[in-house]
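*Asks:* Each chain, written out:
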Amino acid sequence: MSLVDLFMVVPNPFLSALIWIVLLVIVMYTARIPAHKAILSLSRVIYKALRLAATAVRSAEARLAARNKEVLLAAGREATERIIEREFDRIDDTVRSDLSGYPALHRKLSEEITSLEQDHTKSMDVPPSPPGWIEAVEAVAKIKASGDNMVGNILGDIHKSLVKAHEDAMEEYREATKERHTLLKNMMPPWRRVKQALGSVDKNVNSILIRSKTIDRHMDEYEEIIKGSDRAVAKLSSSSLVQFFVSAFVLAVAVGGAAINFSLIARPMAEMVGGTSFIGNFRVADVAALVIIMVEVSMGLFLMESLRITRLFPVIGSLKDQLRVRMIWITFTILLILASIEAGLAYMRELLLHDELATSALLRGETEVVENQFLWITTAAQMGMGFILPFALVFVAIPLETFVHSMRTVLGLILEGILRGVAFLIRLVGNLFRYFGQFLLYTYDLLIFAPLWIERQIGHRSGKDGHGTVRRRGDLGEAKS
Amino acid sequence: MRKLSICMCLQSALLFSACSGSDSGPRNSGVYMLMDTSGTYTNELDKAQQIISYTLSRLAPADTFAVARIDTGSFSEKDIVAKVTFDDRPSTTNQQKRQFRDQIQQFVAGVEPAPYTDITGGLLQAIEYLNERDPGRKTILIFSDLKEDLEAGYVRDIPLELNGYDVVALNVTKLRTDNVDPREYLGRLEEWQNRVESGGGSWRVINDLDRLEAILAN
Numbered sequence: 006m007s008l009v010d011l012f013m014v015v016p017n018p019f020l021s022a023l024i025w026i027v028l029l030v031i032v033m034y035t036a037r038i039p040a041h042k043a044i045l046s047l048s049r050v051i052y053k054a055l056r057l058a059a060t061a062v063r064s065a066e067a068r069l070a071a072r073n074k075e076v077l078l079a080a081g082r083e084a085t086e087r088i089i090e091r092e093f094d095r096i097d098d099t100v101r102s103d104l105s106g107y108p109a110l111h112r113k114l115s116e117e118i119t120s121l122e123q124d125h126t127k128s129m130d131v132p133p134s135p136p137g138w139i140e141a142v143e144a145v146a147k148i149k150a151s152g153d154n155m156v157g158n159i160l161g162d163i164h165k166s167l168v169k170a171h172e173d174a175m176e177e178y179r180e181a182t183k184e185r186h187t188l189l190k191n192m193m194p195p196w197r198r199v200k201q202a203l204g205s206v207d208k209n210v211n212s213i214l215i216r217s218k219t220i221d222r223h224m225d226e227y228e229e230i231i232k233g234s235d236r237a238v239a240k241l242s243s244s245s246l247v248q249f250f251v252s253a254f255v256l257a258v259a260v261g262g263a264a265i266n267f268s269l270i271a272r273p274m275a276e277m278v279g280g281t282s283f284i285g286n287f288r289v290a291d292v293a294a295l296v297i298i299m300v301e302v303s304m305g306l307f308l309m310e311s312l313r314i315t316r317l318f319p320v321i322g323s324l325k326d327q328l329r330v331r332m333i334w335i336t337f338t339i340l341l342i343l344a345s346i347e348a349g350l351a352y353m354r355e356l357l358l359h360d361e362l363a364t365s366a367l368l369r370g371e372t373e374v375v376e377n378q379f380l381w382i383t384t385a386a387q388m389g390m391g392f393i394l395p396f397a398l399v400f401v402a403i404p405l406e407t408f409v410h411s412m413r414t415v416l417g418l419i420l421e422g423i424l425r426g427v428a429f430l431i432r433l434v435g436n437l438f439r440y441f442g443q444f445l446l447y448t449y450d451l452l453i454f455a456p457l458w459i460e461r462q463i464g465h466r467s468g469k470d471g472h473g474t475v476r477r478r479g480d481l482g483e484a485k486s
Numbered sequence: 002m003r004k005l006s007i008c009m010c011l012q013s014a015l016l017f018s019a020c021s022g023s024d025s026g027p028r029n030s031g032v033y034m035l036m037d038t039s040g041t042y043t044n045e046l047d048k049a050q051q052i053i054s055y056t057l058s059r060l061a062p063a064d065t066f067a068v069a070r071i072d073t074g075s076f077s078e079k080d081i082v083a084k085v086t087f088d089d090r091p092s093t094t095n096q097q098k099r100q101f102r103d104q105i106q107q108f109v110a111g112v113e114p115a116p117y118t119d120i121t122g123g124l125l126q127a128i129e130y131l132n133e134r135d136p137g138r139k140t141i142l143i144f145s146d147l148k149e150d151l152e153a154g155y156v157r158d159i160p161l162e163l164n165g166y167d168v169v170a171l172n173v174t175k176l177r178t179d180n181v182d183p184r185e186y187l188g189r190l191e192e193w194q195n196r197v198e199s200g201g202g203s204w205r206v207i208n209d210l211d212r213l214e215a216i217l218a219n
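Protein chains in written order, with the working numbering: chain A, 6 to 486; chain B, 2 to 219.
Keep in mind that the hints were calculated from the coordinates and are not lab data.
You may find that some hints are simply not true.
Some chain A residues judged to face chain B by a derived CB distance under 7 Å, without partners named [claimed, not checked]:
(1) ALA275
(2) GLY279
(3) GLU355
(4) HIS359
(5) LEU362
(6) LEU368
Chain A is nowhere near these chain B residues, computed Cβ spacing over 10 Å in every case [stated by the list, open to error]:
(7) ASN44
(8) SER92
(9) GLU129
(10) GLU191
(11) ASP211
All C-beta atoms in this analysis are idealised placements derived from N, C-alpha and C, irrespective of residue type, glycine included.
Please put together the full structure from these sequences, using the hints given.
*Replies:* Okay, structure coming up:
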């Protein structure tokens, strides 16, 4: 018995289809309430499961955001601490170098001031005034002789004595004034020295004041970071992104430098390790050249760590100063040796190129090889680059550290964004299922609209709601959920 | 500190030893060139020198190159004029190339024409030589008019084992009889192609010496 036979209830296919449709509608109408419940519960299960998943993702996002904030604040705190520490170091240096001589300066100033006071006191001494009896003698000298020669002579002598005494007094006065002027003139250099010393003190104090203002500013930032304020987080986040892109750019430049370095030493390296061995698809000579460059970069990292310029390896930074200084010298020596080797290899490269050119020319049948008189310039340039590039690569440690630190923040932000997007998508899909369930309910009712219409008509007449009440309740319950 | 320095030195040493110790199979080339020295073909040896120089300029460190003459009985090591396996250091390779060129020049200057032409014997010798060296890529260059002329008693009806070989015929000149009946020339080429290809090798003919770059092409 085939499906067609089962379908053909009556010989007429149209009538058979009609019978089936009527039967189906009756069955669907009868099973309407359980079917509605099944559809609703299915859509609710999916919706709630997805909502739960979305909540979990949002929660993970929130945790990640909190962690990112923590990382950002910790990095910011550390950076600000370093800056403040450095500012204090600078102040310490200023105090040590400039103000350590303050007692000597003070003594010098005191001496100068004492000397000035003494000079000033001396310059205040007025010249001696003519003796008081002169006025008496002058009065006597004005007395008329009235013909008496003896009196005339006495008066003449008195006048002469008076004139002489006056001249002596004037001379003494001039001498005293001259001495005062000399003393005042001699006071000029001590005054200048005092002025200079005070100017120097003023400059140093001002420098400390400026630094203290800088420290105040950094301390304000530090306090903001400690509080974990949104302003501090926004500032650090923006700063971190800028640092990430800038350090990425500098690293790209460094990679370019390393590539040039590689091309300088790869060819002559074949003379040392052979040009025919391979590791996988890579020539051993190329790998060896790359290893040398990597060793140089590593030495650069260690050197920067030992100098405490970068802090990628806390172990090195926390070494005793004596060991650290030794490490600085060891890494620097290794770098110097490697740079010298590279310069030698660069020279060797030039020789090999010459040799190859000469051999090729010979094989082509050329008897004379044209000598380039300016060849030494390229040779010297290659050697110079071979020597300098390893030292230049040392500074890769600084952008590398910044890149690594800022990458944590950037990756955190990216992951946060992804989680937010995933949460949104899950919620969207959950809501789609929810409304799709309602859509299925309406479609179900649409298929059995005829019995529902009949039911409604009967309900109107009898004043009862019947199934319609259940549907609305169901809808209401759905809406509430 | 001392421990750290020792660790660093050890790491570097391990890396270098790993680099120098490993090898991933032969990637070098082996070229064996047969030079026909029979009859009037000796006049063409200047061109052979040109080809040898070009081949030398294309070969790299660790490659193998040998030049042998084709004469009455070519299946002999004595017919190898010059042979070399280049050092893996580029500077030494350049010196070897110069010495090789000098050897060829000396040979060409004093070569005597051979009465017979044993190309098959030369090919067998080339196969034996290159199989012994076992380079990554094997090429046999035949600088000849491909007209084999064996002395009585020499047996050369031997199948050639040329699997993995690239055989290149160079400067295949037309003989006077070829001009009368070109089918002879074409038949000669076809016969050699069949022999090489049935032996598992690939066959090419390069008569235009302006495109020598095709000699060692893949």
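*Asks:* Each hint should be assessed against the structure and marked as holding or not.
*Replies:* Hint check:
Contact between A/ALA275 and chain B, as hinted, is supported at the beta carbon level, the nearest pair being about 6 Å apart and thus within 7 Å. Below 7 Å, beta-carbon pairs count as interface contacts, and A/GLY279 has one with chain B at about 4 Å; its hint therefore holds. At about 12 Å, the closest approach between the beta carbon of A/GLU355 and any beta carbon in chain B exceeds 7 Å, and the interface hint on this residue is violated. A distance limit of 7 Å between C-beta atoms decides the matter here; for A/HIS359 the minimum to chain B is near 10 Å, and the interface restraint is violated.
For A/LEU362, the shortest C-beta to C-beta distance to chain B is roughly 10 Å, which exceeds 7 Å, and the interface hint is violated. With its C-beta approaching chain B no nearer than about 4 Å, A/LEU368 sits inside the 7 Å limit, and its interface hint holds. Every CB of chain A lies more than 10 Å from the CB of B/ASN44, the least distance being 18 Å, so the non-interface label holds. The claim that B/SER92 is not at the interface with chain A is violated, since a C-beta of that chain comes within 10 Å of its own (minimum 6 Å).
Under the 10 Å C-beta cut-off, the non-interface status given to B/GLU129 relative to chain A holds; the minimum distance is some 24 Å. Against chain A, the non-interface label of B/GLU191 holds: every CB pair exceeds 10 Å, the least being about 34 Å. The claim that B/ASP211 is not at the interface with chain A holds, since no C-beta of that chain comes within 10 Å of its own (minimum 14 Å).
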